[in-house]
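*Asks:* The numbering used here numbers the first residue of the sequence shown as -6 and each following residue consecutively.
Don't read these hints as lab results, they were simulated from the structure.
Any given hint could turn out to be false.
[Unchecked claim] Straight-line distance between alpha carbons at most 20 Å, and here's what the computed DMTMM-like set of lysine to aspartate or glutamate pairs gives:
(1) Lys232 with Glu207
(2) Lys225 with Glu209
(3) Lys110 with Glu83
(4) Lys225 with Glu237
(5) Lys110 with Asp79
(6) Lys232 with Glu171
(7) Lys180 with Glu237
(8) Lys110 with Asp67
(9) Lys110 with Glu131
(10) Lys225 with Asp235
[What the hints assert, rightly or not] The calculated label-pair distances, taken between Cβ atoms and stated as ranges, are:
(11) Arg101 with Ser253: 39 to 49 Å
(12) Gly213 with Ala256: 24 to 34 Å
(13) Leu42 with Arg3: 43 to 53 Å
(14) Arg233 with Val43: 48 to 58 Å
(15) Val126 with Phe78: 24 to 34 Å
(16) Asn143 with Val43: 53 to 63 Å
(17) Asp215 with Asn316: 29 to 39 Å
(18) Arg310 with Leu42: 16 to 26 Å
(19) Arg317 with Lys90: 20 to 30 Å
(20) Val41 with Lys232: 45 to 55 Å
(21) Glu83 with Gly167: 26 to 36 Å
(22) Phe78 with Ala117: 38 to 48 Å
(23) Lys232 with Ala100: 28 to 38 Å
(24) Arg175 with Lys90: 26 to 36 Å
For each residue, glycine too, the CB sits at the ideal point set by N, CA and C.
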Amino acid sequence: MAHDRQLCARFLHLVDRFETCRMAVIGDLIADQFLYGRIARVSREAPVLVLQYRNLVQLPGGAANAANNLLALDCRTSIVGAIGFDPAGESLVAFLKGRGADVSLVARVADYATPVKTRILAGAHHSAPQQVVRVDREAHLPGAAPVPGNRLGRMLGRMHGIILSDYGYGAVAGPMTEAVRRAARQKRIPLVVDSRFRMDGFHGVTSMTPNITELEAAAGIDIGGDAALLHKVARRVLKRQDLESVLVTQGRFGMTLIQSRRAPVQIPVYGTDEVADVTGAGDTVIAVFTLALACGASHPEAARLANYAGGIVVMKRGTATVNREELRAAITRDLAG
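Just need the whole structure built from these sequences, with the hints factored in.
*Replies:* What follows is the structure in structure tokens.
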């Protein structure tokens, strides 16, 4: 009990420090749309359901969602990325700017369309809406987000931590990634990467936060529920890519933190496994994990805080965030209740 009280006090202290940190989020900015409808009837034209339109909600996705989670935690946040000259991108940037983000290094790129993921949700009048289909509008930048190097360098010089969010649309690439890595090492600040399709493309960063499926794809191995194999594969990534840690998220099985020369840390899922929506939970995890490291947390402490945050957001519908009050309440219930 005494240990739990000390841990609770330590975690609450770290959460209190969140508002003192400056963080940079660099990556693919995505518009997450949720189109809600009510099942009206079966179509006469084909054996499909007709949905009666209710409303359309747009929220930040991808790197924009990681940034939105930082903003919800009262962290000063700068964003580097690109959008097209389109309503989805303009709305996305306006939303983040309205929440206090520095969006001066978000480029508008001609011949590029802001990636949009439209989830269509339907339900009967008295039932919770369920996702029935997702429509993706995808585009790919020809190179990294076009940001002048001197402006990027000045911005990174003010940061306490950096997130690279690579969803495969091209904002995180080549020379800019190397410049960010050098800046993080020079300043001795955490640089954490979440890469959907190319985990093996990032070396010499602080940590990576793959989910189990991404780790399996990168390794070409089916890990399943084999904990020993997971530890072996993650340690191979750790050594080959010169990382300080790998934090593997495993859905209802929680998280596993792998560090060099330390025993693996298995963190059970926080809360119930009756989740409402896992959309964007990985963005929440990397946001809290990196922010905690930037505020002085150890890797196990940062992972535990990220686990609380992930457990909170999956109980919310849509691309959700967690605020400091919710995080503090979860910590207190778990460790001091």
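*Asks:* Against this structure, judge whether each hint is valid.
*Replies:* Do the hints match the structure? See the list:
1. Proximity of Lys232 to Glu207 is assessed by CA-CA distance (about 18 Å); at most 20 Å being required, the pair is judged to hold.
2. Straight-line distance between C-alpha atoms of Lys225 and Glu209 comes to about 12 Å, which keeps the hinted pair within the 20 Å bound.
3. Straight-line distance between C-alpha atoms of Lys110 and Glu83 comes to about 15 Å, which keeps the hinted pair within the 20 Å bound.
4. Taking the CA atoms of Lys225 and Glu237, the gap is near 15 Å; set against the 20 Å cutoff, the hint holds.
5. Between Lys110 and Asp79 the alpha-carbon distance is near 14 Å, which keeps this suggested pair within the 20 Å criterion.
6. Restraint check for Lys232 and Glu171: satisfied, since their Cα atoms lie roughly 19 Å apart, inside the 20 Å limit.
7. Restraint check: the Cα-Cα separation between Lys180 and Glu237 comes to about 16 Å, which is no more than 20 Å; the hinted pair holds.
8. Distance check on the hinted pair: Lys110 and Asp67 sit about 27 Å apart at the alpha-carbon level, beyond 20 Å; violated.
9. For the given pair, Lys110 sits about 8 Å from Glu131 by alpha-carbon distance, which is consistent with the 20 Å threshold.
10. In summary, the hint linking Lys225 to Asp235 is supported, as the alpha carbons are separated by about 15 Å, within the 20 Å threshold.
11. Take Arg101 and Ser253: their Cβ atoms lie about 42 Å apart, and the range 39 to 49 Å holds.
12. Evaluation of the 24 to 34 Å hint for Gly213 and Ala256 yields a pass: the beta carbon distance comes to about 26 Å.
13. Distance hint check for Leu42 and Arg3: the Cβ-Cβ separation is about 51 Å, which falls inside the suggested range of 43 to 53 Å.
14. For the pair Arg233 and Val43, the supplied restraint of 48 to 58 Å holds, since their beta-carbon distance comes to about 52 Å.
15. A beta carbon spacing of about 28 Å between Val126 and Phe78 agrees with the range 24 to 34 Å that was offered as a hint.
16. Take Asn143 and Val43: their Cβ atoms lie about 55 Å apart, and the range 53 to 63 Å holds.
17. At about 38 Å, the beta-carbon gap between Asp215 and Asn316 stays in the expected band of 29 to 39 Å.
18. Against the hinted window of 16 to 26 Å, the Cβ-Cβ separation of Arg310 and Leu42 comes to about 20 Å, which satisfies the hint.
19. Arg317 and Lys90 have their C-beta atoms about 21 Å apart, which keeps the hinted 20 to 30 Å range intact.
20. Against the hinted window of 45 to 55 Å, the Cβ-Cβ separation of Val41 and Lys232 comes to about 51 Å, which satisfies the hint.
21. A hinted range of 26 to 36 Å for the beta carbons of Glu83 and Gly167 is consistent with their spacing of about 27 Å.
22. Against the hinted window of 38 to 48 Å, the Cβ-Cβ separation of Phe78 and Ala117 comes to about 40 Å, which satisfies the hint.
23. A beta carbon spacing of about 36 Å between Lys232 and Ala100 agrees with the range 28 to 38 Å that was offered as a hint.
24. For Arg175 and Lys90, the hinted distance range of 26 to 36 Å is satisfied, since their beta carbons lie about 29 Å from each other.
Of the numbered hints listed earlier, the single one contradicted by the structure is hint 8.
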